[in-house]
Amino acid sequence: MKKILLLLLLSALFMGCAKSQKYIIQVSLGGWDKADYTADEIIGRLDSVSRIIPLKDVIIGWTADADIYREVGNYLHGKGIGMLLWMPVFAETEDVCDNTPAVDLWGRLPGSYSLTEDEGFRFNCPSNPDNIGNVIALYDSLFADCGFDGVFLDRIRTQSFVCGIGGVLNCGCPICEERFKEEGVSLADVRAAWEDMGDVFLSVTGYTPEDGFRFANPLAAKFFEAKGRIVSGSVAAVADSLRARGLRVGMDLYAPFMAPFVGQDYSVLAQHADFIKPMLYRCTFAPAGMGFEYGLLRSSIPGAFGYPSFGMDVDFLNSQLDAMAPYPCDKFPGIEINYREGIVPTSPEYVRESVQAVLDHHFDGAVLSWNIMEAPVEHIKAVAVR
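First residue of the sequence shown: 4, per the working numbering; consecutive thereafter.
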C-alpha cells in the first residue's frame, strides 16, 4: 500500500511539473516605424499558438506604435499571459536616440553586418552615461503606459566577429579607456600586444564548458574579463532602473562559449535579471548562430592556436545548457522555431530535439525564437509532441 501511495505521489508531482512547463514566444514587429503586422494579425496568431502550447509570456517589439501594444496586451492579460517589451539597448536606437557609437581600440567605427539591405545596424558605446540614460528615457517616453509587465533587453553587448577583430577589440573611446583603466587594464598595452603579436594574441590553451576558453596571453584574459564587467555593469544599471519601475527583466545573451567575446559576463548579468535567454541557435547562419559566430571567430584570427572544432549537434547543445545551469535566475534557453531558407533552415525534428534537450535539463522553460509570426505550424506542433 505504501508503495502504491508513493507511486501516486510521484506521479502527481511529475504531472504538476509537466503542467507548469510554459513557453515564451517572440513577436518581431520590425523597426521603429510602422509595424510589420496589425494587432488583429498578431492576436490571431497568438490565439492559434496558445491552443497548441502553453504560453507564459510574449516578447513583442519594437515599433513605437503604442496602440498595438495596448490591444495585444488586453488580449494577453485576459488569457493570463504576460507581455514584455522587446527593447534594444546598445544598437538599433539611432532613429529615436542621439547615441554615441562604439569604436574599436584604434578609434575606428567597425563595419556593420546586415542580413538584408534594410537590416544593418551599428553598436553604441556601452559606457557612455548618456547612451545608458537614453534607453531608460526611451522606455519612459514611449512605452510606460502601454501595459507591459516587463522588458526584454536585446543588443546588450558589443559587436562580435561579424565585424572582424574590430568588433571584439572594442570599445576604445576615451570613456571606455578610463573604465578599462579602473579595471586594471591599459588599452594602450592591449593595442601594442595586438600590433606586435597579431592573431596569436587571442590564442587559447584549452576550453571547458564550465570555464570557457583559457587565453594563453594573460593580458588577453584580463582584457576580456574587464570587458565583461564593463559592458555587463552598464546592462545591470539599465536592468535595475527598469526593475525599480516594477518591471520584470529578461536578457538576450550569446551562448556561454561565445559570450565573453562580446562583453557578456553571466555571473554579473544573472544577478540583475529575472530570466536569461542564451541564444542556443545551432541552425542559424546569421549573428548569434553558434556555429556561424564560431566560424567567424576562427576565420577572423586564423593565426591563433588552440581553438577546437565544435559540432553543432545535440551533445554541444547539452554542453551549453550545462554551462548556464549555475546562475541565480530563471533560465529560458532560446531555441529557433522560425524558418528562413538559407538563414534558419529549421525542421520539426530539429525543434523537437532542441526543446527536449532543454526540458531534460529541468530548466524553467524555453524561448521559442525569434519570430512566432514566421514559425511554421509544424514547428509549433513539434514543441507540443514530446
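Some clues are possibly wrong.
Said to hold, decoys possible - Pair by pair, the computed Cβ-Cβ distance ranges are:
1. Tyr310 - Ala191: 37 to 45 Å
2. Gly306 - Gly136: 28 to 36 Å
3. Gly209 - Gly345: 31 to 39 Å
4. Leu112 - Ala240: 39 to 47 Å
5. Gly249 - Gly33: 38 to 46 Å
6. Asn77 - Gly110: 29 to 37 Å
7. Gly201 - Thr41: 51 to 59 Å
Stated by the list, open to error - With a Cα cut of at most 25 Å, we get these calculated BS3-like pairs of lysine-lysine:
8. Lys82 - Lys59
9. Lys25 - Lys82
10. Lys25 - Lys384
In case anyone wonders, no lab produced these hints; they're calculated from the structure.
A virtual CB, placed ideally from N, CA and C, is assigned to each residue, including glycine.
Quick rundown of the hints versus the structure:
Distance hint for Tyr310 and Ala191: a CB-CB separation of about 27 Å, inconsistent with the stated range 37 to 45 Å. Range check, Gly306 to Gly136: Cβ separation about 41 Å, and the 28 to 36 Å hint is violated. With their beta carbons about 34 Å apart, Gly209 and Gly345 fall inside the hinted range of 31 to 39 Å. Look at Leu112 against Ala240: about 24 Å separates their beta carbons, and that is not inside 39 to 47 Å.
The hinted window of 38 to 46 Å between Gly249 and Gly33 is violated, with their beta carbons roughly 28 Å apart. Between Asn77 and Gly110 the Cβ separation comes to about 49 Å, which falls outside the hinted range of 29 to 37 Å. About 52 Å separates the C-beta atoms of Gly201 and Thr41, a value consistent with the hinted range of 51 to 59 Å. The straight-line distance between the Cα atoms of Lys82 and Lys59 is roughly 10 Å, inside the 25 Å bound, and the hint therefore holds.
Simply put, Lys25 and Lys82 have alpha-carbon atoms about 13 Å apart, close enough for the 25 Å limit, and the pair holds. For the hint pairing Lys25 with Lys384, the CA-to-CA distance comes to about 14 Å; that is within 25 Å, so the pair holds.
In summary, the structure is inconsistent with hints 1, 2, 4, 5, 6 from the numbered list given earlier, while agreeing with the others.
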